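Make the complex out of the two chains shown on their own, each in a separate frame, by following the hints.
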Amino acid sequence: MVILQPGKRWDARDQCESRRPTSGTASGQTPEETWDTREMSVRYPLDEIVAEVTRRWMSTVEPRPWHINRSIDNATLPVSEFSREIEELRKDIQDLRASNAALQARVSTLERKLTREAAADDLWDISDDNLATLEELSGISTPPGRLPEEDPFGALKGLLSEYSDETVDSVELVDAVRGK
Amino acid sequence: METRRVYFDSSIWVSHILQEKRKNRAQTVQQLLDRIEKDEEVILVSHLVLLEVLEVIRKRITEREPYTELNDEKKKEIMDKIQKKTNVFLRSLSQLIKEHKVALIDSQEPVDKWFKRTYSIYISSSGDISARNYSPDRRGNPALRYQGVGHYDIQHALTAKEFSARALYTFDQGFSRLDNDRAFEGMRFLIYQ
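Residue numbers (our numbering), protein chains in the order written: chain A, 16 to 195; chain B, 572 to 764.
Isolated chain B, as found in the complex (with noise of 0.2 Å):
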């Protein structure tokens, strides 16, 4: 029987890392894994979300720091962290790999073909205007705020319906315009507050 997959968007992994306290993300998360485990699912990351979710913890890190005088001595205090950080998920991420609990994945199609289905299902998606009362602009007037999806939320699905995952699990509520594209026909999006 052929073992059955499921893709986890950047989010996911970011509020495990995290243990993010927000409407109990961290444990939604812990459940999700203790079921996929039971279940005995594999777990797709491609090369983009490896990525996003190295570039939080470069992000996240510095920027938690506390403010100091800014010298080179800092700066690879800084950099020392990261990499530390870096390490464990690299080892960690791995050794999922190595156990074929996690699968590291990236589209087999070639770029261009990549790049002409991203476009396709991105210019037929037309997202939402409205009105973004509490972060004005530089001059201190009400904005207004694009919102709709973005490129990378479509290679994510892209890669995760070319691995046949059954699922792609995210807290990401963009995820939720790509559901009735026919390109995922057959791929659900359980997206979690």
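Okay, chain A solo, but in the shape it has when bound (with noise of 0.2 Å):
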């Protein structure tokens, strides 16, 4: 079976601008010859015509002033771009998760900062008001003032002392009501 492709006469047009046929065939045809038709087998595959016909247009001097980057591999510049651009915002963030991290940090030192200084400073107000809410919870109230020989110091130790023994351990029984 023959297959013919449409003809194309070398012009004058081609001449001036430096077209050429292209120089020689597997089959040894003249380039005359191939710009005008072409025999080859049904079973030729669709992407070997294509790729043919790619490299004579390739092989073709480009015609000027216009230029055309026919470069296969230019084909993955927009792509290299968008990784650039990817990569780039990537870092971006990266930059301000640091900044944040530590302007973060910054913020709870000043706020832990103020917190103690505000706790250190009111001391006897926080103080005195955990007492008023002890006694009024408990039932207990204490005198404002007290003989000198009631040492509350003395009256806490040995509170316990008849609940004492050699073996006893204090941390033990602390790490006992934490559920240690």
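Do not take every clue at face value.
Unchecked claim - Partial list, computed: chain A residues near chain B (C-beta under 10 Å):
id	residue
1	S153
2	S156
3	T157
4	L174
5	S179
Just so you know, the hints here were simulated from the structure itself, not pulled from any lab data. These figures come from a predicted structure and were not determined experimentally. Note that the Cβ used here is the ideal one computed from N, Cα and C, for glycine as well.
Below, the structure written as structure tokens:
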């Protein structure tokens, strides 16, 4: 079977643009013949046809002054541009995260300092308020003054001595109420 | 001049009220109290310490009661003993607070931040696993034991730090795990044997 491709004459315009027909073919045809008709098997794969036409087109000299970048590698250029931009944005995000973390840490430190200083400054206000609540909840009240012999530390000393012995371990007792 | 402050862990108070004989701890506490009084320092007592000591009082009195037939009368008798000791403890503590020898404190931070800070310290601390041959499990097999910083320890230390304590005094060796934590920079952990 013969397939006839659209014929093309090597005309004067092609000459002006320095176009040259593809030199030589596998079958040994002349350039004129190559551009006129093409004989091939129906089994000739389409992609091979496309590849051959592309090869021919690529081998022709570029018409000036229009510049067409035909490089196949250049087709990936937009993708690499995107990749570069994504990388830059990722770096920006990392920088922002780092500065955000630094700012957060600074805010936390200042907040802690403020709380600490407020707590330190208001020690006796806080303590007196807590005492009032404690007395209210427990129903106990303490008179404003006391006799010199009434030593509160002394009253606490050995408060549970009748429940103590040689084996008592304060750490173990505290651990027990802490659930350790 | 600002009054210097120290924080007593619950073990110090428990040792004092029980007059603990182990390793002369009661004497150690007495010397500590004398020194603090002489230097006119303030002892910080947190609500956490207060509750822990009260709980030790309840449990200790109950567990040391001779085992006899348990009835309502016996229960009331024990509860009365607990109440009596609790009242003495609270009155003495109140007196010390009024005299500004002791300050009763609690964290001024919001609860969510408080737990966030506790969690952050807890999660960054790892403990140790040891064989506990002396304490077998229920089937009599040797048991392993995990020992690490407890969240209560962290909260005691955070409270002490918040109120600018120069030192936290304790008998509990577990606090040594907090000693190098940056959250407690500037505060010393004085851990007695």
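Going down the list of hints, with the structure as the test:
{"no.": "1", "hint": "S153", "result": "5 Å, holds"}
{"no.": "2", "hint": "S156", "result": "8 Å, holds"}
{"no.": "3", "hint": "T157", "result": "4 Å, holds"}
{"no.": "4", "hint": "L174", "result": "4 Å, holds"}
{"no.": "5", "hint": "S179", "result": "4 Å, holds"}
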